[in-house]
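Participant: Just so you know, the sequences run in chain order P and G. One point on numbering: in the working numbering, the residue at position 428 of the first sequence is 428, and numbering is uninterrupted. Each position in the second sequence, counted from 1, maps to that position plus 1000 in the working numbering.
Worth double-checking, as some hints may not be accurate.
To be verified - List of simulated lysine-lysine pairs, DSS-like, C-alpha gap at most 27 angstroms:
#1 K441(P) x K357(P)
#2 K13(P) x K1148(G)
#3 K363(P) x K1027(G)
#4 K1027(G) x K30(P)
Everything labelled a hint here was simulated from the structure, so no lab data went into it. Quantities reported herein were computed from a predicted structural model and do not represent experimental measurements.
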Amino acid sequence: MERLALSDDILMKIEKPERYIGHEVNSVVKNKEDVKVRFVMCFPDVYEIGMSHLGIQILYDMFNSWEDVWCERVYSPWRDLDAVMRAEKIPLFALESQDPIREFDFLGITIQYEMCYTNILQILDLSGIPINASDRGEDCPIVIGGGPCTYNPEPIADFFDLFYIGEGETQYRRLLDLYEECKELRLGRKEFLRRAARIPGIYAPGFYEVIYHEDGTIKSFTPTEEGIPATIRKEIEMDVSDTYYPMKPVVPFIKVTQDRVVLEIQRGCIRGCRFCQAGQLYRPVRERDVETLKQWAIQMLQNTGHEEISLSSLSSSDYSKLPELINFLMEECKRKHTNISLPSLRIDAFSLDVMSKVQDVKKSSLTFAPEAGSQRLRNVINKGLTEEVILQGAALAFEGGWTRVKLYFMLGLPTETPEDIRGIAELANKIAATFFDTVPKEKRVNGKVQIVASTSFFVPKPFTPFQWASQCTKDEFVEKAYQTRAAISEQLNQKSIKYNWHEADASVLEGVLARGDRKLCEVIRRVYAEGSFFDAWSEYYDNERWLRVMEECGLSTEFYTHRERPLDEILPWDFIDCGVTKEFLKREWEKAQREETSANCKLKCQGCGAARFGGGICVEHQIQSAPLTTGGC
Amino acid sequence: MKLRIKFRKFGAVRFIGHLDVMRFFQKAIRRAGIDVRYTEGFSPHQVMTFAAPLGVGLESNGEYMDIEVLSMESTAQVKEALNHASVPGIEVIDVKILPDQAGNAMASVYSAEYTVRFRQGRKPAVDFAQAVGEFLAREEILISKVTKKGTREVNLKPGIHLLDWNSQEEKFHMILDASSAGNIKPIQVIEAMIEPYGERLAENALQITREEVYTNIGTEERPVAVPLGEIGTDE
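This is chain P alone, in the form it adopts within the complex (with noise of 0.2 angstroms):
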């Protein structure tokens, strides 16, 4: 084992050689001669980024639980050694055994966000393994791509054999079998990819054909072979509390963006926000035992030895055991005297009570996120927080001794008026006010309140209610950040506000990938090859290359971003079922645009259509109505 890919030369030189030597507590290593099946899993970021990824660890753990699998992992290679790998010639290699990726049976891709697409084309490049999936012979690896990204995987499609859609826990074991059988069997790579096609939640893109109307919309999307499915449903554990977990998570030597132990209390989120896409994708909300979550805990904790333990899930106060839960997690990390970061959870009396305890009152700050300024718009988004709620909140924070306050907004959304706009401003000014009003002056510790209001640009995403609407130009972008700063600046408490935006270039690219087509392979095909990666570091971003090379190809960003979708339009995410039904976004959409809101999957079934899948939310409602069916499954 003490073999390393790279040479103590080039470690030597390089940043941050950890990245690159393995050995990590808890990393697994097996005999390659004991194994079936070689696993490289990969998150195409920097070590530190992609080392805080859960699903990762999680498939990791699962893969490495199989005796005849070994799953090992690899990083994108940060700038300064990918140089050095190119001019040596050094093969890209996974940081357990140090071998070449090449050698793999597969590589596995999550693909987080749109930004990092180039990202992917660096680790095949480096790897020795042809870019285009239609290139590889026998002896490569199958390359798979997972994670939220793939809801929409046609920009990516070409570089793909296969994509799994969905939750990774369910179909994984069938997709090796199939595997380890098409091998003995010496069928050959591509009559394996047709098998695997027909597995639940499988894409294999090499199968369909795509034809354009003459303006560039889809005008159909058809395998090419029979027996291809037509649609692709996503994979989904409906068993949260039993299922595969790491109670050993690798622990990295240096310090990585989520250096804690991370408990997933629960998926999918009740509250249906017209732009989240997370909120659709992951239906129907799937709590985890409160009893199993906490031996999970007390497990994870011993056995990495972090400091500090995080709840994860996308609205942790919808959980409902979560009182319970953090006493016990209370009690627990005194004693051994770790820590307790908690997510942004809805800001009540409970919420700072817990906070009070398990923070330094005087140097944290309290978040809110009502992404639209004004109630009109929070009723076009679905974000059901009122400021009335927003208000009590920050009275009763101020009173606790808090005098932080973070704001996060989106500006571009549907609808969105200058008014809309001014309300940003408004909001954070009653804010200071109801500081002034709540703490009199001798109890000002600092004598001031400090309010934070940043804003992001609004990318409507796939299978969302937003999926069809139009998004902002850079221009309109700009020209809106510069209102509220603008309308930020005419409040009475503007000394008190401090405001923050994001640039513009790279959202407007992220629109353009999020809802993209395959045309777009060719783009990032090209973008790569002139030397765009690290799209998502704003040092590397190169906007004026992507939009030249996308005129280049004969694209537009505006169809892209721009163009409203009419609602019978072909979508390029059409062919894979989420769950939730076209008809339900429909409805979503047209309710945005009356201002209509639509109440939470707990308080009224909304019929989006994840109830198929038999479980969580959609059938703990009528577990309550027939009280003979008992609770402790």
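Using the hints provided, position chain G relative to the given structure of chain P.
Facilitator: Here is chain G on its own, set in the frame of chain P:
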């Protein structure tokens, strides 16, 4: 109760930096279930001191850290539990109980012992058997040291406690000042030694193992260097 822990660092993990080795041990101590003392406050941390930071890429057979425990079964049990919680390449070789009045590991460092080899093809064209003799015969060994305040002349001579060339195995054995005031690195010694011959070291030419870290139990004038690990007792 204060404990002094001696460990080795070798193989791939030699590329783990000093701060990350500290973080590694903080987590290993939790995994090992050692009843370590924590500071008070919102983010409690373990009371822990390291003797001397080891540079990235160096191996060592004699690293030290001090921790404070509230209780333990025995030093042997602490050692076993830590090794069980460790990774290949970081190995605890000794645990001692420190007398209450003992200075902490960092403040106690007096000198360090090294084995230094040249990487293949990077040995300068110098006859070291002769060069070491001539080098040590110099009255002063002045080198210029670049600091934040500019360049400064430093005399290496008093800080070289031992220097020896093994021509059969082609390696140096050295004991150098490692105190906070007068710390000398092996590379500085070799660069100064070969300079008169018109030679310079190639990049990354040296393969260095720190063998031991010493403390001074004598006086400033009449020092007596003993390994840091000899200060404590087993029980």
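Participant: Between the alpha carbons of K363(P) and K1027(G), is the straight-line distance 27 angstroms or under?
Facilitator: OK: K363(P) and K1027(G) at ~26 angstroms, within 27 angstroms.
Participant: Mind checking the alpha carbons of K441(P) and K357(P) for me, to see if they're no more than 27 angstroms apart?
Facilitator: Holds - the C-alpha atoms of K357(P) and K441(P) are around 25 angstroms apart, at most 27 angstroms.
Participant: Keeping to a limit of 27 angstroms between CA atoms, is the pair of K1027(G) and K30(P) held or broken?
Facilitator: 24 angstroms, holds
Participant: Would the hint linking K13(P) and K1148(G) be met if the CA-CA limit is 27 angstroms?
Facilitator: OK: K13(P) and K1148(G) at ~23 angstroms, within 27 angstroms.
Comparing the model with each numbered hint stated earlier shows that all of them hold.
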